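Peer 1: Sequences listed follow chains G and P, in order. The opening position of the first sequence corresponds to residue 98 in this note's numbering, with each subsequent residue numbered one higher. The opening position of the second sequence corresponds to residue -17 in this note's numbering, with each subsequent residue numbered one higher.
These aren't lab readings, by the way, just hints derived from the structure by calculation. Quantities reported herein were computed from a predicted structural model and do not represent experimental measurements. Mixed in with the good hints there might be a few duds.
List time: in silico SDA-like cross-link candidates among lysine to any residue, alpha-carbon distance up to 25 Å [to be verified]:
{"#": "1", "chain 1": "G", "residue 1": "LYS167", "chain 2": "G", "residue 2": "GLN154"}
{"#": "2", "chain 1": "G", "residue 1": "LYS212", "chain 2": "G", "residue 2": "GLU141"}
{"#": "3", "chain 1": "P", "residue 1": "LYS61", "chain 2": "P", "residue 2": "GLY36"}
{"#": "4", "chain 1": "G", "residue 1": "LYS135", "chain 2": "P", "residue 2": "PRO(-10)"}
{"#": "5", "chain 1": "G", "residue 1": "LYS135", "chain 2": "P", "residue 2": "GLU8"}
{"#": "6", "chain 1": "G", "residue 1": "LYS135", "chain 2": "P", "residue 2": "ARG19"}
{"#": "7", "chain 1": "G", "residue 1": "LYS208", "chain 2": "P", "residue 2": "PRO90"}
{"#": "8", "chain 1": "G", "residue 1": "LYS100", "chain 2": "G", "residue 2": "SER168"}
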Amino acid sequence: AQKVTQAQTEISVVEKEDVTLDCVYETRDTTYYLFWYKQPPSGELVFLIRRNSFDEQNEISGRYSWNFQKSTSSFNFTITASQVVDSAVYFCALSGRGGSQGNLIFGKGTKLSVKP
Amino acid sequence: SQTIHQWPATLVQPVGSPLSLECTVEGTSNPNLYWYRQAAGRGLQLLFYSVGIGQISSEVPQNLSASRPQDRQFILSSKKLLLSDSGFYLCAWRLPSGAGYNEQFFGPGTRLTVL
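Bound conformation, chain G alone (with noise of 0.2 Å):
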């Protein structure tokens, strides 16, 4: 089965300090894609990121930066320097190859607040 855990329910921070998101997947596929999604106030879904199985290269997108680690089975997330704007809810999701393995597993979500 395939699971996602994101152990933070909530976090608070002050503007520019660094803040890292944790994510825990279980699969049992070989070929499977990880993701992140933001999710501000106003509700919507905003896609940040994929990375697949075979890909463990770090990824750095402005502030932004991914660690993904097959050996521990985790795909956590770093604000540098956070603002107030990064305040939402963070999901981490996970999918298999296709069909319905293809359908995203979301963890529960971590809420991030950012204070000015």
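Fit chain P to the known structure of chain G by using the hints.
Peer 2: Below, chain P without anything else, positioned relative to chain G:
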């Protein structure tokens, strides 16, 4: 580019009334379509998904139903709403199986309150 629309944005309905939420996608063909519900302060629950016209898979048995009358139209319905149907309903699309990497793109959502 692709866009996804949902309406209405907000809805307040009495218990026992019918429901119809609509989702349409533009700029792509034969997408996979999804309905999710998010209860207040909670995670996402997949309700239905569709890989083509008239093809609906239900993930959770309940008093809701879904239909896909056209390639890029997905409708969520209920004959009689329950209090527990309150929540934030999100529609999503993705490329057909095998055509992409499975990421889904979400609409703006409908906030439903059942009183």
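Peer 1: Against the structure, test the hints numbered earlier, and report the numbers of the ones violated in rising order.
Peer 2: none
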